[in-house]
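Engineer: What follows is the residue order along each chain.
Number of protein chains: 2
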Amino acid sequence: MPEFLKVKTADEVLNLIEDFAPLEEETVLLEAAAGRVLSRNVEASCHVPHFRRAVMDGYAVRARDTFGASESLPALLTVVGEVFMGQPAQHTLGPGQAIAVPTGGAMPEGADALVMVEYTQDVGDGTIEVTRPVAPGDNVLEPGDDIAEASLLFPAGWQLRAQDVGVLAAVGMRSVSVFRVPRVAVLSTGDEIVSPDAPEVPVGKIRDINTFVLAAQVREAGAVPGWTHVVPDDLDQLAAACRQALTDHEVVLLSGGSSVGARDYTVQVLERLNGAELLVHGVAIRPGKPTILARIGSRILWGLPGQPASAMIVFTAFVRPSLLRLQGISVDRSSRTRTSRAVLQRNLPSVHGRADYIRVKLSEEDGQVLAEPVFGSSAMISTLARADGYVIVPEHVEGYEAGTEVTVHLFGSISRPFLAGKEET
Amino acid sequence: MPEFLKVKTADEVLNLIEDFAPLEEETVLLEAAAGRVLSRNVEASCHVPHFRRAVMDGYAVRARDTFGASESLPALLTVVGEVFMGQPAQHTLGPGQAIAVPTGGAMPEGADALVMVEYTQDVGDGTIEVTRPVAPGDNVLEPGDDIAEASLLFPAGWQLRAQDVGVLAAVGMRSVSVFRVPRVAVLSTGDEIVSPDAPEVPVGKIRDINTFVLAAQVREAGAVPGWTHVVPDDLDQLAAACRQALTDHEVVLLSGGSSVGARDYTVQVLERLNGAELLVHGVAIRPGKPTILARIGSRILWGLPGQPASAMIVFTAFVRPSLLRLQGISVDRSSRTRTSRAVLQRNLPSVHGRADYIRVKLSEEDGQVLAEPVFGSSAMISTLARADGYVIVPEHVEGYEAGTEVTVHLFGSISRPFLAGKEET
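Residue numbers (my numbering), protein chains in the order written: chain S, 1 to 425; chain L, 1001 to 1425.
Rather than coming from a laboratory, the hints here were simulated on the basis of the structure. Hints may contain errors.
[What the hints assert, rightly or not] Covered by chain S, per the in silico footprint, the following chain L stretches (three or more residues, Cβ under 8 Å):
1) 1115–1124
2) 1249–1255
[What the hints assert, rightly or not] Sample of chain S residues at the chain L side, in silico, Cβ under 10 Å:
3) D236
4) E372
5) G376
[To be verified] Anything over 10 Å on all C-beta distances counts as not near chain S; from chain L, calculated:
6) A1063
7) Q1087
8) D1146
The beta carbon of each residue, even a glycine, is placed where N, CA and C say it ideally should be.
All chains, full assembly: derive it from the sequences and hints.
Structural biologist: Structure representation (structure tokens):
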């Protein structure tokens, strides 16, 4: 049997995804950089601070002039000037002299330390008493003490947080090189699916749900949802839609039509696409067995189950890590984010030899997170809204007992989304 | 002493925020609805499904025709037709008859149950054997079984997740009423601050950091960063910039210039703004004491400390909950999201009588989350990038010992952002 026809485990699929190369790099302004992933190491182009800076309100002094100073035997210094915030020092400090400097102000030439204002007393006549000695360098930041020129600020592959953008601003960067984010087309197929813009829904048909849910999940994964479209179960139309989507999207999601059986259109569509390479045809998880992954040149096509709950699980388990991988984030890291530990409220039976992905609803009691399995057919939309994520019962485990602490893989990026339910009246 | 001059506790500030009314409502297309907060209860406008639907592949039958059926004594039924996916049934079922129906297909008139295909056998001549009885309603969804017309789908105040958008699509909604998101102006003041577009930075001055960090935090809070601007410490220019910002932003952030002292410009600016009402002038936390909150008509102005690390903490603790509150999310809920339990790696000393907000860096070891305090002056930008969030040592607690499990308030929306560090080389 050819390798691609073997049903793969979830780990095998994730290993394939890890081999995807990130998209090409682009330059973005700092205002748009938060959340993006660096495509290169970033080094500091200058020292921060770039001048000697006071870290407290006080007096710039020569440290040796304060040696031995105490409450009972203070050092007397002559105040010869003041440094103003945002301005260079106007005076050079000589022996026995002091210059007032505010927190963050520039230290004058000739000074090597700052005495905190708390340890001085103005005795009039332009003279201060210093009641504690300072050592050279005390309360002063030298150029580069905070960030040294040419030091590594962030390595390639680093996802920039708000504070990291502040660090880039501090060294004068106005733009930064990051990996592009994928544009994702979301196609939904099935003879029973009606476009959301259809005025009415005949008997036998249902409204499209997957393009909405999957597009929202695409956006949450930091990618850009592009064309969304409902396609009839017709090989010509499906192939034409996929070809069109592949022209200007790096990733195409096709939900429905991927179950092994009479309607296994996705694989037939792939056969019509030049250069399509089937990487995954079936995954040993439930739901999600009919999942398909293919490469078409540098582009990626996912075939997802048509049931909304199943499509959402497969997106969370595989598509999301792949979209993050294209942005430069490793599968290992993306798999470890977006989980919560929780205590099972009921037994979770499972079938040996297949990984079960069981939807759960989370709640909180006395600071403990609880997971309640969501029962009901995955064909029922209402079960979808009740679930916050899923628990994986691995293939070699025959289930978990109530009371077990398990890892819940969360559907949404809204942290601890189950709290949303607290305001229900 | 007037009430507004008293330094407030963090809880008092959060209570004030809780009283903010959400912004007005607006209608958004479903494509843009994820993450938004409903301004009204949403009820189902129709049944889902809106027709009787098979939940398995099988045969539509009259249940009574299968009563008593078994492997040894199967019921014999005549197949009189087939229902196709997405189409209404073409035949009405009579006694002794069966009609093939796929999963999700429309049930024909006259049938009251579905026999799974696994419990039937085609014996040729258009006849099937049924080897198990079914009860009326078995394997059939009645109209409204999933979602009943007029039932409450989500209450006002509910933040829509990806799957919730799918539920709205299922009942044919193309748009939904939500609270508007605030537009936020971010002004940075200080005689030492240089606009990011300045070609060079003279001695004594530093580059603006706060507009970048705060704008990124605004976006993470679901709001829209608008005008960002660096203003000199000049009362006329500050007042003019605030007036301009207030014309088309619901919220203005002004960082720097809010410490009690010679440069207490923010309060003087407020005195120049018509109808400004000072709600908070000082909060008993460190850092963040000089925090200011004011209302100007329906608009809000925050005065934040100038130190980037302090501004970021005050944003996370107070500004973020206020931006979420304007979107319709309660302070209680927003305060409980975005936290992580972690084990302290060092003693955290604290001063009695003041709440200390101490920055920490998170890491993970053997599945346990560890919090390491970040030391170093908050004037140092590099300490900002090292921190993932902060631990609060309440005013009546004199510190925590190493090994204590504490709650860490995370700066970022990227779940468990500390994992970002794992790829450092």
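Engineer: Does each hint fit the structure? Answer for all of them.
Structural biologist: Hints, one by one, checked against the model:
1. For the stretch 1115–1124 of chain L, the proposed coverage by chain S is not satisfied: 0 residues have a C-beta within less than 8 Å of a C-beta in that chain, short of the threshold of three.
2. Using a Cβ-Cβ cut-off of 8 Å, 0 residues of the stretch 1249–1255 of chain L lie near chain S, which falls short of the minimum of three, so the contact claim is violated.
3. Interface restraint check for D236 (chain S): the shortest CB-CB distance to chain L comes to about 18 Å, outside 10 Å, so the restraint is violated.
4. A distance limit of 10 Å between C-beta atoms decides the matter here; for E372 (chain S) the minimum to chain L is near 16 Å, and the interface restraint is violated.
5. Contact between G376 (chain S) and chain L, as hinted, is supported at the beta carbon level, the nearest pair being about 9 Å apart and thus within 10 Å.
6. Taking the minimum C-beta to C-beta distance to chain S, about 19 Å, the non-interface status of A1063 (chain L) holds against the 10 Å cut.
7. Annotated as non-interface, Q1087 (chain L) brings its C-beta within 10 Å of a C-beta of chain S; the closest such distance is 5 Å.
8. Not every CB of chain S is more than 10 Å from the CB of D1146 (chain L) (nearest about 5 Å), against its label as outside the interface.
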